[in-house]
Structures are given as structure tokens and as C-alpha cells.
Amino acid sequence: MVASDLVFQSLLNGILLGGIYAVAALGLSLVFGIMDIVNLAHGHMLMVGAYVAILLFGVLGVTPIIGMVVAFLVLFVLGMALQRFLLERVVGEGLEQPIIVLFGLALMLQSIGRILVGSESQATEIGIPGEAIAVGTATLSFPRVVTFVISVVLILGTWAFLKYTTTGLAIRATAQNSSAAQYMGIDTDNIYVITLGLGTGLAGAAGALLSMLFPIDPFVGWSYLLKAFAVVVLGGVGSVAGTLVGGLILGVSENVGVLYLGGGFRDIISFTIFLLVLLVRPHGLFGSSGGGE
Amino acid sequence: MASMTDSFAGLFDTRRRIAAFVAVVLALAAVPFSTTSYITDIVFTGLVFVVLGVSWNLIAGYAGQISLGHAAFFGTGAFVSAWLTTPARAGLPEAIQSPVIVAAIGGALGAGLLAAVLGPVLFRLTGHYFAIGTLAMASIVQLVLLDQRRFSGGSTGYYINNNMTEDTMFLLMLAATVLVVLVTYAIVNSRAGLGMRAIHDDESAASSLGVNPLKYKMYAFVVSSVMAGLAGGLYAQFTLYVNPESTLSVVWMVDTLVVVILGGMGTMGGPLIGAGLFLLLDNGLRSFAGEFATVIEGGLIIAFIVFIPGGLYTLLSDRYGRDEQSADADVDGTAESPPPNEQ
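Protein chains in written order, with the working numbering: chain L, 74 to 366; chain D, 365 to 707.
Please note that the accuracy of each hint is not assured.
Which bits of chain L does chain D cover? Going by a derived footprint, with three or more residues having C-beta under 8 angstroms, they are [to be verified]:
(1) 159-165
(2) 168-180
(3) 185-194
(4) 338-350
Everything labelled a hint here was simulated from the structure, so no lab data went into it.
Please read these numbers as outputs of a predicted model, since none were measured by experiment.
Idealized CB from N, CA, C, for every residue including glycine.
Produce the complete structure using the sequences and hints provided.
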């Protein structure tokens, strides 16, 4: 049996990790919910975001938190360009085209990453100084707490953006009924460009956050894509609050599961949860596909 | 869609085309005896990609189910065949030690069994969920084998013994390729093939007309996986080495995709042309573009799907013969929103 102290420690670490998983999934979930596109390159964009932060920290000594903002902006622009110049041409042509375009993009990002930085793992080994925090019998590492807080801020910020800004309103309107939105004078093409930018920007930010805690290599894309999608399925497509819940569930199950099954099972646990949830609820734990908010 | 098969059937109607097919097969059969072992290697890999391309095309191009887990079936075939010829290394009983042909068939059946077990689960999913679900399934298979070092050899890999010469292995692979192409051709032009295409075009319409979608999806999935497993089984016996990292790698899926997309999805000739082109690309590009070869392949997938969605086969055979109905099939009238994001 595993000692209860260890379980408690893993539970807390799982919650802290879950916050980042939620950010990693948020962009994927919004794009899926609003545009009905699964961004198969989401994990690879996250990897790019991580390297932006690592590079800025390693070369210029820029603090990873600023690095995260830069990673967000870089991926925001990349995502907008992707929608404007590629996806716009294939969406509505059937299911296969967007899936294959994004699969090809993922492949390109992975290969470019490998050429630029090699196959070795890298970490920022930051960055955020501070004492470990004691919680009962457990201790929380300060960087983990900081990244968790940033994650929650990002999620709340995205929620507020969708809820209270005009653009956010237009995005929700487009998600509900794009033709009606068009009649109301919303430029839905532009809304899709902004939505994909936001989704990929969040992938970049999540990558930067992950780079503060874990080593990154150019091949992590597939794994994080599947984890992010697991969170989407757990939390419900397009739901901001659900994404946070899904992230926490995944983070906790991974960390506690690893205690009992061993480190080699970390990804097996999350992918299996994902398949099991789909088995019970083919369109996700909380409901129907599509729809904003 | 129908016109594509018709043009292909028309292609084969003439004796000239059959003669050409036979000539190509005979020419390929001469490869190991008339060229260097380097070229034999390359052509062997090409045959593996013909099988992978043709089999993935059956499930994705014809039945319209974008599976991203093909690597799992290739890898399963490879490992089962490795265990069957070289059981001692995995601690399996000596009694199951089998000749190469039996081992390769065992690999194919192993992959088919995996597909038969997982299919009913995966086909609860549709569209995007199916694509990601199959990707997750392939990852799980790979991770489990990575973890089970005893059976997989871990990161050092698993070395295989057999007493076949490279030439014999090549001929076996060629025979398997011809078999796979002919079987697929027969399926595509049978009632089942018609059912698959009906599901591809519009699943709910097909279902309301009495086509059982699950039956045809499972048919395509299991047959396709058996073929991928056969390719894996023979590939393992040719290279005499399998490794969970590379044999089950998503790279096999990527390369299969390149083959089918470049050649033409949903056409019989597409994967054949695609595999040839892929070989040229892969070997040619690597010599001058080096590491950028993979980047270019990714770019080609995107460029083809955006600008030449029918692939080279359709481009070559008949520019205007392509039936666009699968693109705008929305017969059930439930679409509330117009493009760009229906379905």
C-alpha cells in the first residue's frame, strides 16, 4: 500500500498540474466548440510556445512569465495566419481535409523543431525563486504554485473576454449560429481568424508554463495533444469552466495513478481515461458537441 | 466517387492494362536478382508502403473513417511475427516457434484481432472523435509495449532470427503486395465496397436506406488492419529487428498519409502511384534536403489536400471526371449553419 502522506502530496501536485493541463486544453476546446475543428497541431504549437519561452530565458534571460506573453503572441499570430491562409480554404469541404492539413502542420512543426533544437530534452530550470510551501504533511514547490495561479488567471481572463467584450460576444454569437451572426453584421470570417488565434495563443502560453516545470523536446506534441483532448472530453467541448474541472481531474488521476502503477504509466493513464470517457459518453462527459461559452 | 472506380475498371478492362500490371510485377520480381541489395531494400520498403497505403485507403478513402492509428496495427503485426519466429527472447514457449510465412500471417491475424476487439469501441466515435480516439489507441499500444520490456526489448529493441534470405523475403513481400492489391480491388468493387462508399458520402442517409454502417466500418477496419499487420510482420522478418519506439511510431502513420494523399484518396491507383512517388521523394529529398525532407513532406500533404485534393492519380487520369458529391453531401437537412463549418 502507498502511504497516505504520499497520496495527499500527489493529490496536491495533481491539482497544481491540472491547472496547466486546463490551459493546455482551453484553446483546443474553444476552437473545437466554436469552429468545429480539432486542431491536431495543438500539442505541437504548445511545444513551439515552450521553446519560445526557453529561448528567451536561455539567451536573453527574460523571465519565463514575460516569455509566456511572447509565446502567446507568437502563436496568436501563427494561428491567425493558419486560419486565414490555409484552413479557410478547406473548412466545409468535409471532415478529412482540415484533419489532414493540421496533421501535416504538426509534422512540419515537429521536424522544424528537431532541426532547430535537436532531439534532446531542454528545460528552463527557472526562473521563479521562492521557498517550498508546507500544506499539512505535504510541501508544494513554489514554481508549481506560481504556474497554477497564472493558469487560473488565464482561464478567468479567457472567460471574462468571452463574456464581457464585444469580440467575445461576437464569438459566442458566431458559435451559436454563424448565419444569423452574419445577418447581424458580424464578419464571421474574421471571428474565426481571431478564435483560432486565441486558441493557438493559449497553446503557446500553456507551453511556456509547462517549460517551467518539465523538460521539453520536439516530440512532446502528440502526447500533449492527447492530454488536452482528454481534458476537453472530460470537461465538455467549448466550456471554459468545464475545462478547468477536466484539467484538475486529469492532473490528479495521473499523479495519483503513477503512485500505484509506476512512472511509465503516466500517459497510459490519461489516454485510457480519455478512451473510457468516450466509451461511456461518445461526445464527452458533459454533453453535446458544439456551442460556445 | 463512382466515376473513379469506373475509370479504374475501364483501365483494367483492356488486356493491355492487365499485361502492364503483370509486367510490372515480373519486373519487380527481378529486382533482387538484378540490382544491388541497397536498391532491393528501397523497393522492399516501397512495397511495404503500397500495402500500408492501399489498406489505409480502404478504411479512410473508401469508408471515410479517418483513422490515425494505422501504426498500431503495423507495429502489432511486426511484434507478433517477431515473437513467433523468435519466442525465446520474450520468454515465450519454444513450441510456438514458427516459419516466417506462418509468423507473418500470425502478425496479420494479431493485428486483425486487435482491430476486431477495439473496433466496436472506436466506432462509437465519429468524425473528429474517431480520428483522435484512434491516435490515442495507437499511443496506448506503443506505451504499453515500451513499458513491457520483456516482450518488446525496451529501447534496445528485439532482434529476430529466421533462416530466410533477403531475396526470398522480397518475393514474399511482393506476393503479399499483389494479394493485398487484388483483394482490395475485389472488395472495393463488391457490394461491401458500395456500402463503404455510401457511408463515406453520407452515413445517416446510407443508414436510412438500410445500410448497416457499423458492419461495413468494421469490415473495412478489420481487413485494413490485417493488411497493415501483414506488412508489419514481413517488414520485421526482413529487417530482423523491431523496436517499440520506431516500429510503433506515429511516423508510419505519417508516411502512409503522404503515400495516400499524394497519390489520391479513395482511388485504387492512388496509393500505388503515391508509394512510388514517396520512395523517390524520401530517397531523393534526403540526399539534397537532408533533415528538411520531413518538413517538405508535411508541406506536401498540406499543399496537396488544399490545391490537389484528388491527388496525382485523379489529376493524371481525368481532370474533370472527379465526382464532388462527397464534398457537399448534406442531404439530411439538419444543417443550421452554412459553411464554413457544417458537419
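Status of each hint after checking the structure:
1. Look at the region 159-165 of chain L against chain D: 6 of its residues bring a Cβ nearer than 8 angstroms to a Cβ of that chain, three or more, so the hint holds.
2. A count of 11 residues in the region 168-180 of chain L with a Cβ less than 8 angstroms from any Cβ of chain D is obtained; the coverage claim is therefore met, three being the minimum.
3. Counting residues of the region 185-194 of chain L whose beta carbon lies closer than 8 angstroms to any beta carbon of chain D gives 3, which meets the minimum of three for the stated coverage.
4. Here the region 338-350 of chain L counts 7 residues with a CB under 8 angstroms from a CB of chain D, which clears the bar of 3, and the coverage holds.
Comparing the model with each numbered hint stated earlier shows that all of them hold.
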